[in-house]
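Chemist: So the chains spell out like this:
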Amino acid sequence: MTSHALYTFLDLCGTFAFAISGAVAARQKGLDLFGIAAVAFMVACGGGIVRDVCIGAVPPVGLSDWRYLAAALLASALTIVARPLVDRMDKPVMFFDAIGLGIFAVAGAQKSLAYGHNAELAILLGVASAVGGGIMRDVLLSRIPAILTREIYASAALLGAIVQVGFFYSGIATWWTPWVATAVAVFIRLASLYFGWGLPAFQKRQRLRERHDN
Amino acid sequence: MTSHALYTFLDLCGTFAFAISGAVAARQKGLDLFGIAAVAFMVACGGGIVRDVCIGAVPPVGLSDWRYLAAALLASALTIVARPLVDRMDKPVMFFDAIGLGIFAVAGAQKSLAYGHNAELAILLGVASAVGGGIMRDVLLSRIPAILTREIYASAALLGAIVQVGFFYSGIATWWTPWVATAVAVFIRLASLYFGWGLPAFQKRQRLRERHDN
Amino acid sequence: MTSHALYTFLDLCGTFAFAISGAVAARQKGLDLFGIAAVAFMVACGGGIVRDVCIGAVPPVGLSDWRYLAAALLASALTIVARPLVDRMDKPVMFFDAIGLGIFAVAGAQKSLAYGHNAELAILLGVASAVGGGIMRDVLLSRIPAILTREIYASAALLGAIVQVGFFYSGIATWWTPWVATAVAVFIRLASLYFGWGLPAFQKRQRLRERHDN
Chain G
1 MTSHALYTFL DLCGTFAFAI SGAVAARQKG LDLFGIAAVA FMVACGGGIV RDVCIGAVPP
61 VGLSDWRYLA AALLASALTI VARPLVDRMD KPVMFFDAIG LGIFAVAGAQ KSLAYGHNAE
121 LAILLGVASA VGGGIMRDVL LSRIPAILTR EIYASAALLG AIVQVGFFYS GIATWWTPWV
181 ATAVAVFIRL ASLYFGWGLP AFQKRQRLRE RHDN
Chain A
1 MTSHALYTFL DLCGTFAFAI SGAVAARQKG LDLFGIAAVA FMVACGGGIV RDVCIGAVPP
61 VGLSDWRYLA AALLASALTI VARPLVDRMD KPVMFFDAIG LGIFAVAGAQ KSLAYGHNAE
121 LAILLGVASA VGGGIMRDVL LSRIPAILTR EIYASAALLG AIVQVGFFYS GIATWWTPWV
181 ATAVAVFIRL ASLYFGWGLP AFQKRQRLRE RHDN
Chain D
1 MTSHALYTFL DLCGTFAFAI SGAVAARQKG LDLFGIAAVA FMVACGGGIV RDVCIGAVPP
61 VGLSDWRYLA AALLASALTI VARPLVDRMD KPVMFFDAIG LGIFAVAGAQ KSLAYGHNAE
121 LAILLGVASA VGGGIMRDVL LSRIPAILTR EIYASAALLG AIVQVGFFYS GIATWWTPWV
181 ATAVAVFIRL ASLYFGWGLP AFQKRQRLRE RHDN
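Residue numbers (full-length UniProt numbering), protein chains in the order written: chain G, 1 to 214; chain A, 1 to 214; chain D, 1 to 214.
The reader is advised that the hints may include incorrect statements.
[To be verified] Simulated restraints, written as ranges between beta carbons of each label pair: (1) D:W197 with A:R143: 47 to 57 angstroms; (2) A:W179 with G:A77: 45 to 55 angstroms; (3) G:Q28 with D:G56: 45 to 55 angstroms; (4) G:L74 with D:A82: 46 to 56 angstroms; (5) D:G171 with G:W179: 58 to 68 angstroms; (6) G:T174 with A:G198: 49 to 59 angstroms; (7) D:G171 with A:G171: 27 to 37 angstroms; (8) D:G171 with G:L74: 57 to 67 angstroms; (9) G:Y169 with D:G56: 45 to 55 angstroms; (10) G:W66 with D:Y169: 18 to 28 angstroms; (11) D:F195 with G:A191: 28 to 38 angstroms.
If you are wondering where the hints come from, they were derived from the structure by calculation, not from laboratory data.
C-beta atoms are modelled at their ideal positions from N, C-alpha and C, and glycine is treated no differently.
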């Protein structure tokens, strides 16, 4: 019960953080009131819905639990109403993204394990929970998902999910282990932003040429 | 049984209307014969498939019932064969979209309720049934979903789904209530087109600049 | 058991072939290490995940069986390490795609039949298994799916799935029938590439104009 309550709480924090990032991106692209709320909700719950559908947890909790919708709507309203504030904040999207990233990766992996699935599925669906919403956001806004082109992003989620699954299989999982796993993912992500870490990419020249072509 | 037959009928009407809108958009983008049929089918059944997967109604009826495929193929053929006619019609896409929109929102909400799910899920999946196919169409055609940027569109579906769920929970749901809910959504959508209603959007200037950039 | 082992083997071959095509496309777009692996995995398993979710086979085997992930990672590594080789090969993407296309269409249709679903669902999900991953690849790379605009591609998958379902319903399905169905699809695809076959498209002029606009 306690662990279940913890995951619900983790899920809600991630929902709110991701919704902010979705609403900010949607507003920048000139979407209307409904579009902003829809993208916010999709970023917040999209990854979790994919996870729940894949582990057979239907209906997905993101759709049936009013608190997720409330968190997404609150985040949308905040982004719209506090526009000058959000505009002044330099990279709020990235910061909130990092927190949501770690929380979703760990909670997603944990939920898959709680449903009795294996380590690989838990890790993959942990990452999917974390980056699924962000990928949907970029696909909806018709751009190549930033997640797949730059920096340590999904890799941080991957590490968090692996740590969480490692704790589970090593038998030392307790109340604080999800927080450690989350902290690892968030730290890696924030450090990669601060120090400009990145994974190697290939054919950057090709990429630049294509950008000019468009 | 009667109510079930009614929803099937509503579903089929929506399928045909949406397929027309999908086929028209696909032909305008220069897709080939298969592409047109595929987009038509996806617009027609995409939202319903998402709904069915989320409520655990597998296999999705849009994939297993031949009448949906037949409706989509018929709509594709009509759009291809009656090309000059469709070209002359000013905004056939919008008109057929409005009808499908209302029908899908109400039928989607009703099906979720029939599977024993709660009001929030019914409303969200009603909207998803209605706009899911159109969003897939625009994502496939590599553009930001029109649904999220302009006019009263998904909002009309939202209202229709809310009215339908309201009828259900107030206990006065009968044979004519889905039609009322559908009419509300279709009326709102058509009125918004006629009067140019829209939801507020933000940072339009930003949006215009980006358009120039692309 | 034998037939089940055969489908697993077919699935794995398709996974590897598709992963190569995904990794190549992702590298050309300048994605980073994780992005390449992610797109490779998505192309390889995306269609199969859609199929499994739609027939109620959760968790999807593409996510829970380590061999699929291994095949995708191996293909990514090969594409990255053997870069000059892959660059020199003229159209490796198309060739590997053709093989994966036939394998996935037939295995997808067969799995739907094995789960007791009808012919229509088997054919549709056969095609979805085959082209779903490729469509996700193009959507992620923010371009209109090539599958829907040019040449005999999904049509070849459709034919392969129909042949396989035909064998099943005619009662002569045996160990070699999936190979025949697969060969039909692969042959049609390769022949269409070699001879430049294509399905009719409409309003090509419109399409060219749009290309200039972008």
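Chemist: Could you work out which of the previously given hints the structure breaks and list their numbers from low to high?
Modeler: 1, 2, 3, 7, 9, 10 and 11
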